[in-house]
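Please work from the sequences and hints to get the whole structure.
Residue numbers (our numbering), protein chains in the order written: chain W, 16 to 266; chain P, 1420 to 1814.
Please keep in mind that the hints were generated in silico from the structure rather than gathered at the bench.
Check the hints yourself; a few may be wrong.
As the list claims (entries may be wrong) - Looking from chain W toward chain P, a few residues come up when the C-beta cut is under 8 Å (computed):
(1) Q125
(2) S126
(3) A127
(4) F131
(5) L135
(6) D139
(7) E145
(8) I149
On a predicted model such as this, the values are computed, not experimentally measured, just so you know.
Glycine included, each C-beta is placed from N, C-alpha and C at the ideal position.
Listed below are the residues making up each chain.
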Amino acid sequence: MSAYKSYFLVLFLLINGCASQQMSGSSQSKQSSSSSGGMPSSSSSSSMPSSSSGGMPSSSSSSSMPSSSSGGMPSSSKSTSQGAKSQDDSNQNNTTMSSQAGSSNQQLGQSASSVFNESLGDFDKEMAGERDIIAASSQGDSSMTAQEIADMESIMGADLDGPIDISGDLGNDESQGNNDSEDEFTGEMSEEEISRLPSCIDIDGSGEDKIARQLRVFAIKEDDPNIRNEIWKQYLKHMGIGQSEIDKCLS
Amino acid sequence: MKNITTFIFFVCLALPLLSLSETIKYDKVKLKRAEIEITEDRLLDVGIFIFDPNIPEDIESNPLVFPEIRKAEARYIPYHLKNTLEETGFWGGVWMLPDNTKAMDLNISGRIIKSDGYDVSMQIGVWDISGKQWIDKTYKARVGQSSYSKRRDLTQDPYQSIFNQIANDLQKIKIGYISKDLKRISEIGDLRFASDLIPSVFNDYLVQDKKTSVYKISRLPANDDPIMQRIADVKERELLLLDTLNEYYAQLYREISVPYEEWRKSNRQNAINYEELKRSARKRQLLGAVAILGGIMVDGDSNASGYAQQGLMIGGMQAVQSGFAKASEAKIYKESMKEGGDSFDTQAEGLLIEVEGQTLRLTGNAQEMFLGWKKLLKQIYTEETGLILEEDSAQ
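Here you go:
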């Protein structure tokens, strides 16, 4: 009976030991996954704690840059000796990368250099992701640079210094090339000017925007039929007319 | 005879006032560019801090200084300076910095003193990483109308003369350094960066002159020092972070460039009109006062002196009156500047909030990573050398 008792006792102790080993094992793997590379993954870093941003107040107020930090690195380092490290790690906040890196290093037996290398890789990935986001937002950004605007205006012939006086020709001040008004072009045209309009283009210029209106004005003013034809092509393209219809219209 | 003398005296007094019209000289400084590719040993990495917007504490008494515009300028101007320096081809990488860093060989800081589209003035300080000052100078320029022309090369900012002048001055100083000295600056930079990460190891590699505060190298690590290689890896990540941050600054630069130029252009015209009217008002008031004073002082019993006295008094009063009229006309332009400024100020505020939010988020997160690397580097050093590092004291 006592042999049975001893057997059950040993069995109980063995089971208990396995359970505790399993528990510590699961805790290791959890930490290793959370600390892969000792860095928060790029997905978790996208929602960074606001407290972290408080570390660099100088970014918002550039006039007073603290000399205590250097490029995101505070100079007041908390270096510890190897012996004291494990105690420090356990005391530090688990959310910081440094404590994750330290504990994973200990528990997984990973060398500090491999954790370091992994964390560099993670950082690179995070920065690459960040730059992808910036590139995507830049692509979606409709704002143009001064150069782009100037290029566009230069194509449209709107970079001339003075306003283009076509009031005499077209009988309406609002149709001036550089006029900022968005009013529709409704000026009366001479017979010669009407004759320069391709048959497919409305005489009243309905549906035109500023650029189309400018192109119409330049086309009507152009004496060289070939150049005029080219301007009308640009006009029709701008108005969203298909190539076949353009060719048909200008033939 | 006495009357004539008095009259001549007052005319002489008034003449300098009449000749107050000034000949305006607009500055055009050409940028010096590298004609051949610069060898790597002569390239320095340059960091430009976000400028000090220099917003007066008493903003009420400075109604023509717009805080948000100044803050936007404090980011726009260094970014354009970065572009200008890159354009010269004389430098290595050029970054705009949100904060202090030891990753750069040369650091540029600036303070905006005046910027109204017409007159621009900024204080510029440049130091290399050894602590030696290269430049401490106030740059000023008066901006001509042609600087805002749409037919100009639009990569050139209306304030381009100042940017070109700074770039040319920097190049002039750099020419004075032999390649060995420039390399030494970079080496000091590497050691200061290393010392920032593991002070207990690398502090001894540098000595700081007590008088000049300039750093000198006392010894160099081995070329194949593995810990220096890892420190170089961290430095590379700092530059990567700066690259990313600079993408955000570039976005702000692009978004703000058109409205900022429009504001400067219209503000310039208003500033000219305002200054002109103010000067004209002051001139008239002074002339009037001189004439009245002359009228009072004219002495004599003759008819001529009586007429002269009367003429001077009436003319003087009219001049003073028209001076006041000009002054109130000037106020209209001042109001116009204020209105235009307020409008762009609001626009700039929105753009700034966005970019600053992103900067804070990125730098805050990176700060944690850099702290982690500092700890890991110490661990690695101990693992590889067997030396136990002492507690680093705060620098």
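We went through each hint and held it up to the structure:
Against a cut-off of 8 Å between C-beta atoms, the interface hint on W/Q125 is violated, since the closest Cβ of chain P lies about 11 Å away. Taking 8 Å as the C-beta cut-off, the interface hint given for W/S126 holds, the closest approach to chain P being about 7 Å. Restraint check, W/A127 versus chain P: the minimum CB separation of about 4 Å is within 8 Å; hint holds. Given hint, W/F131 at the interface with chain P, holds; its Cβ is 4 Å from that chain's nearest Cβ, closer than 8 Å.
Annotation: interface hint on W/L135 holds; nearest CB of chain P at approximately 6 Å, less than 8 Å. Because the beta carbon of W/D139 sits about 7 Å from the nearest beta carbon in chain P, less than 8 Å, this interface hint is met. Taken as an interface hint, W/E145 checks out: its beta carbon lies about 5 Å from the nearest beta carbon of chain P, inside 8 Å. For W/I149, the suggested interface contact is upheld, since its CB lies about 4 Å from the closest CB of chain P, less than 8 Å.
When held up to the earlier numbered hints, the structure conflicts with hint 1 and nothing else.
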